[in-house]
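Number of protein chains: 2
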Amino acid sequence: MNLPNEVKVKEVGPRDGLQNEKEHVSTVEKIEWINQLSETGLSYVEITSFVHPKWIPQLGDAVDVAKRINRKEGVTYAALVPNEKGLERALEADIDEVSIFMSASEAHNRKNINKSISETYPVLSPVVQTAKEEGKTVRAYVSTAFGCPYDGNVEVDQVLSVCQRLFEMGIDECSIGDTIGVANPLQVEQVLTSLSQHFSKDQLALHFHNTRGTALANVLTALQLGFTTFDSSLGGLGGCPYAKGASGNLATDDLLYMLEEMGIHTGIDLHKLLKSGEWIQGVVDRPLPSHHMQLVRSGGIHA
Amino acid sequence: MNLPNEVKVKEVGPRDGLQNEKEHVSTVEKIEWINQLSETGLSYVEITSFVHPKWIPQLGDAVDVAKRINRKEGVTYAALVPNEKGLERALEADIDEVSIFMSASEAHNRKNINKSISETYPVLSPVVQTAKEEGKTVRAYVSTAFGCPYDGNVEVDQVLSVCQRLFEMGIDECSIGDTIGVANPLQVEQVLTSLSQHFSKDQLALHFHNTRGTALANVLTALQLGFTTFDSSLGGLGGCPYAKGASGNLATDDLLYMLEEMGIHTGIDLHKLLKSGEWIQGVVDRPLPSHHMQLVRSGGIHA
Chain A
1 MNLPNEVKVK
11 EVGPRDGLQN
21 EKEHVSTVEK
31 IEWINQLSET
41 GLSYVEITSF
51 VHPKWIPQLG
61 DAVDVAKRIN
71 RKEGVTYAAL
81 VPNEKGLERA
91 LEADIDEVSI
101 FMSASEAHNR
111 KNINKSISET
121 YPVLSPVVQT
131 AKEEGKTVRA
141 YVSTAFGCPY
151 DGNVEVDQVL
161 SVCQRLFEMG
171 IDECSIGDTI
181 GVANPLQVEQ
191 VLTSLSQHFS
201 KDQLALHFHN
211 TRGTALANVL
221 TALQLGFTTF
231 DSSLGGLGGC
241 PYAKGASGNL
251 ATDDLLYMLE
261 EMGIHTGIDL
271 HKLLKSGEWI
281 QGVVDRPLPS
291 HHMQLVRSGG
301 IHA
Chain B
1 MNLPNEVKVK
11 EVGPRDGLQN
21 EKEHVSTVEK
31 IEWINQLSET
41 GLSYVEITSF
51 VHPKWIPQLG
61 DAVDVAKRIN
71 RKEGVTYAAL
81 VPNEKGLERA
91 LEADIDEVSI
101 FMSASEAHNR
111 KNINKSISET
121 YPVLSPVVQT
131 AKEEGKTVRA
141 YVSTAFGCPY
151 DGNVEVDQVL
161 SVCQRLFEMG
171 IDECSIGDTI
181 GVANPLQVEQ
191 VLTSLSQHFS
201 KDQLALHFHN
211 TRGTALANVL
221 TALQLGFTTF
231 DSSLGGLGGC
241 PYAKGASGNL
251 ATDDLLYMLE
261 EMGIHTGIDL
271 HKLLKSGEWI
281 QGVVDRPLPS
291 HHMQLVRSGG
301 IHA
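Chains A and B supply the protein sequences, listed in that same order.
Under UniProt numbering, the first residue of the first sequence carries the number 1, and numbering increases by one thereafter.
Under UniProt numbering, the first residue of the second sequence carries the number 1, and numbering increases by one thereafter.
Chain A on its own, in the form it takes in the complex (with noise of 0.2 Å):
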């Protein structure tokens, strides 16, 4: 089996977590559980969103979590931005890295920010312009890039052709996601090849939700295609945004086992995520949906 030694894991719990999590969580609940993410050896947190806090009331205090968690050196601290004004506010922050998102489908676009897609590349335009200027790194998220919940079926043309506008503007990686967890292992095939076609890898970092159970699958076949960055979630924290109570996120510490026993280094304790996961389950108070938090709670392995 054609494995890579190392990949790399970008830990999105704390904004694409929380921000469909209905617990309130604390600011300082949130740097609390970043602080203790950046002891684990992530060198990536997406820590919070600047989308404006009438849309997302629950990351509002965004500046002030950016401002007060312990920086800790060798991590990058990311975290979404949607447009001018957002990115504004992120830097003030001094976020490290700033991520934008769009749609491969237009209906998802549009219900998701309001625009088609056209109209939103001059909207994502100046905010990658802006943060190069500024220092900062750029990645994009695509979202739907194997099914839309409106629309269905995406094409990889539309995936593909999605990528090269980002990339044109000048971001330095782009994350494709599989927003409602249809992929399946032939199908990422599929996409990434022809995606590998006109990108190189190490521009590209796949974003599984487990809403099917085909995630940990999915990323195998990345893999084995030479991809080496992956999206995912302490604990599968999040859910499922279009089926409440189902899985959605990929969950870090499932990630991490399989890649670990893999002899793929990570860099990430095991052992320290359970732990966080098993504080942010009692911040949030509900299980969470990951196989390992389940193990950890049935006192089948310890955190």
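Derived from the structure by calculation, the hints contain no laboratory data.
Some hints could be false.
Chain copies aren't distinguished; within one or between two, either way the pair holds.
Pairs of lysine-lysine residues, derived as DSSO-like cross-links and limited to a Cα-Cα distance of at most 30 Å, are as follows [claimed, not checked]:
#	residue 1	residue 2
1	K272	K115
2	K272	K54
3	K244	K54
4	K111	K72
5	K115	K85
Add chain B to chain A, keeping to what the hints say.
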């Protein structure tokens, strides 16, 4: 990606699922469930166990269940048989296929059947012989093939040696079990590559548990190596025998989704399967852990 066109899914829920359920399920309910499963397109259902009711009281009605279900043409109805006494009852109930079982690791074999591995062969050998004489096919489960809860690592040679002895006895198929759900794709590749040097791929089945979320990634690896028979339990019924509340058996519904989405034919209707999953979930009165049952409960998809 090199994938088979067709896969055989062996449903073990009524045996491997229900034997681990605490909730009492009546004989009539078991019969109803097996009859439902027969109508989903499944060609194989393991319906019960002829282990002495002292050990598995939940399945003490094995003869009754086996005699009273509707036998659908084209469906193989199998049952677990521990010894000659169990075989007598299984033959009385006229089951189609006999499943014997033992472990690849000494400690698990001893805990599970109170005998060393070498003491187990003389118990199983006459079961296989008599079953074959009676015109039955025989399958053997080899548990803890990827790791043991007591011994830890299990050498491939141990697995190989146990399989060899069982095939020498005359079994038709050997199901290689990841009893505690620790297997990773690289290990699956190593074990299966080794076993393929001695046995034909259609003599082997894979029985993965999803305890750490890796089951479908392991299935994918086995598929790519040309293996085409997989055990699973509808809804993930059964849980992990070593950690109450943790996920256990790979879920038939999750397996089916991945296979069918990759264009691999199973002959099984996912819709009918989910309907039946909802039904048995009501009977055992706890939320079943599979990703698809989570989606059904949350309204993300309809059963």
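Hint check results:
1. Taking CA atoms no more than 30 Å apart as the test, K272 paired with K115 passes in neither setting, with 41 Å inside one copy and 39 Å between copies.
2. For a Cα distance limit of 30 Å, the shortest separation of K272 from K54 qualifies neither inside one copy, at 35 Å, nor across copies, at 43 Å.
3. For the homomeric pair K244 and K54, the shortest alpha-carbon distance inside one copy (21 Å) is at most 30 Å, but the shortest distance between copies (42 Å) is not.
4. In this assembly of identical chains, K111 and K72 lie within 30 Å of each other by CA distance neither inside one copy nor across copies; the values are 37 Å within and 48 Å between.
5. Taking CA atoms no more than 30 Å apart as the test, K115 paired with K85 passes inside one copy only; the shortest distance there is 17 Å, against 71 Å between copies.
In this structure, the earlier hints numbered 1, 2, 4 are contradicted, and the remaining ones agree with it.
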